[in-house]
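Trainee: The lines below spell out each chain.
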Amino acid sequence: MEYIDEIRELISKSAQGNSDCFQQLYELLIDKVFAYVRYRTNSEDDALDITQEVFVDIYKGLPGFTYTSKEQFYGFVFTITKRKLAKYYADKHTHATKTTTEFNEDNYSDSLLNPETERDVARALTTLDETAREIVVLHHWSRYSFPEIAALIQMTESAVRVRHHRALKLLSASLHS
Amino acid sequence: MKEHTTTEMLLESQHAPLAQDKKEALWKNIEADIAALPVPSPYAFTMVTKKSMTSIALALVLMFSLGGTAYASNDARPGDILFPVDQAFEEIRLALVRNDDNRAQLQIAYAEERLSELRSILAERNNGQVATSTNSSNATSTVVTFEAEADVFTNTTIVTVEINDRKTTFETSAKTKSAVVDEIVRRHNVDRTVVEQALDFEIEDRASRVSDADDSDSRNNDDDKDKDKDEDRDSDDDNSNDNDDEDSDDKNED
Numbered sequence: 043m044e045y046i047d048e049i050r051e052l053i054s055k056s057a058q059g060n061s062d063c064f065q066q067l068y069e070l071l072i073d074k075v076f077a078y079v080r081y082r083t084n085s086e087d088d089a090l091d092i093t094q095e096v097f098v099d100i101y102k103g104l105p106g107f108t109y110t111s112k113e114q115f116y117g118f119v120f121t122i123t124k125r126k127l128a129k130y131y132a133d134k135h136t137h138a139t140k141t142t143t144e145f146n147e148d149n150y151s152d153s154l155l156n157p158e159t160e161r162d163v164a165r166a167l168t169t170l171d172e173t174a175r176e177i178v179v180l181h182h183w184s185r186y187s188f189p190e191i192a193a194l195i196q197m198t199e200s201a202v203r204v205r206h207h208r209a210l211k212l213l214s215a216s217l218h219s
Numbered sequence: 048m049k050e051h052t053t054t055e056m057l058l059e060s061q062h063a064p065l066a067q068d069k070k071e072a073l074w075k076n077i078e079a080d081i082a083a084l085p086v087p088s089p090y091a092f093t094m095v096t097k098k099s100m101t102s103i104a105l106a107l108v109l110m111f112s113l114g115g116t117a118y119a120s121n122d123a124r125p126g127d128i129l130f131p132v133d134q135a136f137e138e139i140r141l142a143l144v145r146n147d148d149n150r151a152q153l154q155i156a157y158a159e160e161r162l163s164e165l166r167s168i169l170a171e172r173n174n175g176q177v178a179t180s181t182n183s184s185n186a187t188s189t190v191v192t193f194e195a196e197a198d199v200f201t202n203t204t205i206v207t208v209e210i211n212d213r214k215t216t217f218e219t220s221a222k223t224k225s226a227v228v229d230e231i232v233r234r235h236n237v238d239r240t241v242v243e244q245a246l247d248f249e250i251e252d253r254a255s256r257v258s259d260a261d262d263s264d265s266r267n268n269d270d271d272k273d274k275d276k277d278e279d280r281d282s283d284d285d286n287s288n289d290n291d292d293e294d295s296d297d298k299n300e301d
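Line order of the protein sequences matches chains Y and X.
Read in order, the letters of the first sequence correspond to residues 43 to 219 in our numbering.
Read in order, the letters of the second sequence correspond to residues 48 to 301 in our numbering.
In case anyone wonders, no lab produced these hints; they're calculated from the structure.
Just so you know, these numbers come straight off a predicted model, no measurement behind them.
Mixed in with the good hints, there may be bad ones.
[Unchecked claim] Keeping only pairs whose Cα atoms sit at most 30 angstroms apart, straight-line, the calculated DSS-like set for lysine-lysine is:
1. Y:Lys102 <-> X:Lys69
2. Y:Lys134 <-> Y:Lys211
3. X:Lys224 <-> Y:Lys129
4. Y:Lys112 <-> Y:Lys55
5. Y:Lys74 <-> X:Lys75
6. X:Lys224 <-> Y:Lys102
7. X:Lys69 <-> Y:Lys55
8. Y:Lys129 <-> X:Lys69
9. X:Lys214 <-> Y:Lys112
10. X:Lys69 <-> Y:Lys124
11. Y:Lys124 <-> X:Lys214
12. Y:Lys134 <-> X:Lys75
13. X:Lys224 <-> Y:Lys124
14. X:Lys70 <-> Y:Lys112
15. X:Lys224 <-> X:Lys214
16. Y:Lys134 <-> X:Lys70
[What the hints assert, rightly or not] Covered stretches of chain X (chain Y as the covering partner; in silico rule of three or more C-beta atoms under 8 angstroms from a C-beta of chain Y):
17. 72-80
18. 204-215
[To be verified] Restraint-style ranges between C-beta atoms, simulated for each label pair:
19. Y:Ser111 <-> X:Ala66: 43 to 53 angstroms
20. Y:Ser111 <-> X:Thr101: 49 to 59 angstroms
21. X:Ala123 <-> Y:Glu51: 50 to 60 angstroms
22. Y:Thr198 <-> X:Pro131: 57 to 67 angstroms
For every residue, glycine included, the Cβ atom is placed at its ideal position computed from N, Cα and C.
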């Protein structure tokens, strides 16, 4: 409860132009936003650019935003993120090589860790349908809870859980085969 | 289940969160962008977005224009352009009143308003006349022609005054010539001697009729001639009667 009120406080102060409060919101959101944007873009530079624009837009939108719940706030952020990504694809005409959420195996070539496992995971993800992949990414990379994901992609929480469970089954199968 | 957790671990291991230095660099960029934005006002009307602005503006315009018309129409009198608006608002108010007593009170108030409007119109008209008459009589020299006639009836006196071809009629209780002259001088501010010379003072041996005021207007100077004619006719009638009588007498004689 304290946490929710804290977000509410941060939002209202940020809306009045307090950048320190907005920085706290940034710390709260950056991993979630960046993980999703990174998954949807070809390079880390693009992801950083888009994330930057997303946060500026969030800041601009805060005065008109009325906080009711954490899920609703995440939904607000997620809508802005998706809008920015759509603009990114439209501007760069990248949808010729990459449609909205089609997963590109070569995406993560510039990231760390074991390149082999990385490629395996990427390939496994491509076997999932778009929604399932989105749920997996939002849950495991952006660290959203199931109720939060349900609010973000407008599904019931149980439906999200079911889709996630099935997706993991598929992933395990393709990873351990 | 175990497979699931290893898959999850594997999945999550593939996601590298943004390094702290990159996060800070990103924040610096965002902070710079935000600083370049116009400073949001701390007041509540920052909630007014572009979208809501249109409707708010529209509402304001409607409110003021309607309110303005309603307010202006309240002073409207019969014959004014806004008078129907005034009436419409009155009817709306009447329709909104539930209580019969209140409605009656409202109706009385409206009737009084109508009366006062009429009174103000009449007062305006009279003022206009007084203004013109005083204008013409303020300087007595401008009085080119002056005619006056007073008919004294048993119950009232009707006075017709014509100054520079402008005719006015009024009723007074004055019975004598000098009293009538006083009255004319008081009302029209004309030189007393002029009035005394011009006044045609007649005493009618009967009560006044409604038509007398108009009559005296239309008759005016031709009055005397008319009277002569009347008398002629009367005498003719008498003659004819006489003749008839004679005829019948003759016949009787036959």
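Trainee: Hints first: check each against the structure and report whether it holds.
Mentor: Results of checking the hints against the structure:
1. Y:Lys102 <-> X:Lys69: Given that 30 angstroms is the threshold and the Cα spacing comes to 23 angstroms, the pair holds.
2. Y:Lys134 <-> Y:Lys211: Violated. Lys134 (chain Y) to Lys211 (chain Y) sits at ~35 angstroms, over the 30 angstroms cutoff.
3. X:Lys224 <-> Y:Lys129: Violated, at about 103 angstroms.
4. Y:Lys112 <-> Y:Lys55: holds, 16 angstroms
5. Y:Lys74 <-> X:Lys75: With a Cα-Cα distance of about 19 angstroms, the restraint between Lys74 (chain Y) and Lys75 (chain X) holds, given a limit of 30 angstroms.
6. X:Lys224 <-> Y:Lys102: Distance of about 94 angstroms is beyond 30 angstroms: violated.
7. X:Lys69 <-> Y:Lys55: With Cα atoms ~25 angstroms apart, Lys69 (chain X) and Lys55 (chain Y) stay inside 30 angstroms; holds.
8. Y:Lys129 <-> X:Lys69: holds, 23 angstroms
9. X:Lys214 <-> Y:Lys112: violated, 90 angstroms
10. X:Lys69 <-> Y:Lys124: Within the cut-off at roughly 22 angstroms; holds.
11. Y:Lys124 <-> X:Lys214: violated, 89 angstroms
12. Y:Lys134 <-> X:Lys75: Holds, at about 25 angstroms.
13. X:Lys224 <-> Y:Lys124: violated, 104 angstroms
14. X:Lys70 <-> Y:Lys112: OK: Lys70 (chain X) and Lys112 (chain Y) at ~23 angstroms, within 30 angstroms.
15. X:Lys224 <-> X:Lys214: At roughly 20 angstroms apart (the allowed maximum being 30 angstroms), Lys214 (chain X) and Lys224 (chain X) satisfy the hint.
16. Y:Lys134 <-> X:Lys70: holds, 24 angstroms
17. 72-80: holds (count 6)
18. 204-215: Not satisfied, violated; 0 residues make the cut.
19. Y:Ser111 <-> X:Ala66: 43 to 53 angstroms: Because 31 angstroms falls outside the window, the suggested range is violated.
20. Y:Ser111 <-> X:Thr101: 49 to 59 angstroms: violated, 29 angstroms
21. X:Ala123 <-> Y:Glu51: 50 to 60 angstroms: holds, 56 angstroms
22. Y:Thr198 <-> X:Pro131: 57 to 67 angstroms: The hinted range 57 to 67 angstroms holds for Thr198 (chain Y) and Pro131 (chain X), with Cβ atoms some 59 angstroms apart.
When the structure is compared with the earlier hints, violations turn up for hints 2, 3, 6, 9, 11, 13, 18, 19 and 20 and for no others.
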